[in-house]
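> Chain by chain, the residues run as shown.
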Amino acid sequence: MTRKLQESGLTKAQLRVVYAQILRSRRLDERMLQLQRTGKTSFHTSGQGQEIGQAGMAMAFEPGKDYYLPYYRDMTAFMLFGITAKEILMDSFGRYDGPSGHGLQMPNHYAAKRVKAVSQSSTVASQYPVATGIAYGAKLENSDRVTLVTTGDGSTGEGEFHEALNFAGVAKLPVVFVIENNGYAISTPHNEEYAAKSLALRGQGYGIPGVDVDGLDFTATYLAFKEAVARARKGDGATLINLHVLRMQDHTSDDNQRIYRSKAELAEVKAADPLKTMTQQVLDEGIYTQAELDDLEKQLKKDINVATDQAEAAPLPDLSVLSQNIFAPVDKESGIYGNN
Amino acid sequence: MATIDYLQALNQALDEELAQDDTLTVFGEDVGAPKGGVFNVTQGLAEKYGDLRVFNTPLSEAEIAGLAIGLGVSGHHAVAEFQFADYILPATNQIISEAARMRYRSQGDWSAPVVFRAPYGGGVGGGFYHSQSTEKVFVGQPGLRVVTPSTVRDAKGLLKSAIRCADPVLFFEHKRLYHSIKADIDPDEEILTPIDKAQVLRQGTDITVMSYGITLQYVLQAAEELAKSGIQTEVVDIRSLYPLDEATIVAAAKKTGKVLLVNEDNKEGGVLGEISAIISEQALFDLDAPIKRLAGPDSPAMPYAKNLEQAFLVQPDQVKQAMQELAEF
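So the sequences go chain by chain: A and B.
When we follow the numbering used here, the leftmost residue of the first sequence carries the number 1, and every step to the right adds one.
When we follow the numbering used here, the leftmost residue of the second sequence carries the number 341, and every step to the right adds one.
Hints were generated in silico from the structure; no laboratory data involved.
Hints should not be assumed to be uniformly reliable.
With a straight-line cut-off of 25 Å between C-alpha atoms, the simulated DMTMM-like cross-links for lysine to aspartate or glutamate are [what the hints assert, rightly or not]:
#, chain 1, residue 1, chain 2, residue 2
1, A, Lys276, A, Glu30
2, A, Lys65, B, Asp361
3, A, Lys86, B, Asp449
4, A, Lys139, B, Asp362
Given the structure is predicted, the values throughout are model-derived calculations rather than measurements.
Model the full structure from these sequences, guided by the hints.
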């Protein structure tokens with residue numbers, strides 16, 4: 001049974017923002033798939049089915065204070081950290097002013113300096129060890145900032161996943177490790193990825209709590225993350241959260257999941273769409289009226305159209321970018337080292 | 341003035357930088373107290389600067405690298421030690437995919453100003469995995485500096501500069517130089533070696549020899565001996581293996597027109613081939629002899645049995661002979 005939104009302890013105003021952001025993310029995701037299908041962009045990785053879990057996660061952190069190392073389905077959480085649809089679209093179009101990649105990175109490699117969302121590679125779980133370094137920095141600074149790092153369930157087979165959790169346990173680091181578990185590593189189902197009953201059980205092996213969380217339930221997710229964040233802020237160390245979500249779309253725009261998921265399974269996933277559940281909740285709990293939701297949909301459509309046009313009109317990177325920012329500029333006076 | 345060896349120079353560099361840079365941390369396998377590293381490079385530092393700044397890590401090379409990178413992106417400096425250059429390989433993804441690309445892919449939003457230290461080189465009975473020169477795995481990665489000091493002064497000055505450098509630096513230390521070379525260093529002198537420059541260690545007019553690591557010592561020794569028979573050698577310490585200091589390399593090649601390149605690593609696919617290409621492109625018509633490379637055989641480095649190990653390693657007499665032959669060409 002999905003818990004009531006009000007049980008999260010968030011205010012009505014906050015819940016309105018959360019829901020609007022989730023809906024914006026869904027509509028933007030649909031737009032980005034369209035843009036890829038019509039040849040305007042090259043690539044998109046959908047996060048549909050993971051939005052509610054990501055929103056519950058993001059709301060437990062303090063954007064601008066806490067560091068965030070996202071993975072490629074994290075558009076909803078990234079937007080809740082303070083990134084606009086236009087910025088995300090600029091990255092999709094490969095525009096220089098896109099905050100994540102400046103026209104250099106593929107789309108969906110979410111990063112933005114102003115919200116301390118750190119640039120990532122595509123070798124999965126690679127961000128896990130980096131997150132521990134940032135978390136170690138908080139200890140050196142005597143800061144209570146927390147580091148959030150996410151990845152998919154397939155990535156948990158990587159050695160770097162293990163190495164990062166092991167050290168985080170040893171050094172009691174203020175980090176929240178998240179597995180957004182949608183049950184698939186591209187086409188490979190979870191039973192071919194790992195034999196454990198739950199990936200949360202791995203936490204015990206590293207001396208940190210491992211928690212299974214229903215990522216289709218906003219309140220349950222938010223409260224679980226709130227506890228993990230509080231634990232990290234207090235100096236009690238890391239938590240591993242196995243966040244159960246759905247992957248509603250293909251792995252990426254280059255994939256066709258109908259090859260490896262049955263019609264029945266896909267119908268089941270569609271029926272379980274957590275956005276439907278949450279929409280019903282916001283209506284039932286009086287957070288939005290139906291008329292307000294209708295207006296919100298209209299407004300989002302308009303906003304995303306404008307954002308798409310603006311992003312498309314933004315300039316591509318100058319060719320000089322090819323050879324700039326490879327090394328730091330050398331200090332002219334000393335000739336010795338680059339400026340930090 | 342105090343006479344110190346290459347290893348003490350490295351220890352002094354870490355000590356001085358830990359003292360002047362509050363954000364600096366030093367870590368790796370057995371790096372913390374009480375051991376201070378398997379070669380003792382970090383000896384005494386944890387006692388002096390505390391276990392939070394100088395510490396042991398699990399046997400976890402990708403984590404060691406990632407830990408450094410994360411510290412770097414969040415405004416700290418880090419010196420991560422890999423116990424042997426052979427053991428960097430599990431961390432290759434972190435070093436190349438994350439550290440080397442961080443600045444470029446984010447156009448300067450994020451960077452990883454960290455140092456990865458690694459003892460390399462054979463002749464210590466270490467077999468395949470305690471003897472290799474792994475620099476060729478990492479050179480040619482834009483965004484990643486690869487350097488190696490071959491003098492005591494540079495062991496100190498180059499490590500200090502690497503720590504202050506805003507780029508990720510892979511810092512190779514030849515383990516047979518640790519105690520075999522010594523120099524008088526003024527402990528109060530602030531030594532900062534340019535991070536991206538080769539240096540001419542000896543002036544000469546007959547032949548030019550470029551090298552780094554232990555083989556550079558053989559070159560200097562042979563140059564001294566050959567000078568007695570009237571052969572004057574220009575000796576270049578390559579020092580920055582990536583990016584290469586093209587200006588110094590080309591000028592030194594043009595000066596004598598006869599070039600010998602020497603390193604301990606395999607001959608094919610390494611740093612020497614790139615230096616040779618630079619000279620071919622920019623100084624071919626100034627050459628009086630084919631560019632000659634003297635290096636290890638193209639066999640995996642390096643066998644354990646003493647005779648095989650020695651057969652793999654470039655020997656001082658081979659260096660001298662190659663120099664003599666080039667002079668006579």
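> Confirm or reject each hint.
A quick look at each hint next to the structure:
no. : hint                   : verdict
1   : A:Lys276 with A:Glu30  : 16 Å, holds
2   : A:Lys65 with B:Asp361  : 24 Å, holds
3   : A:Lys86 with B:Asp449  : 19 Å, holds
4   : A:Lys139 with B:Asp362 : 13 Å, holds
In summary, this structure violates none of the numbered hints.
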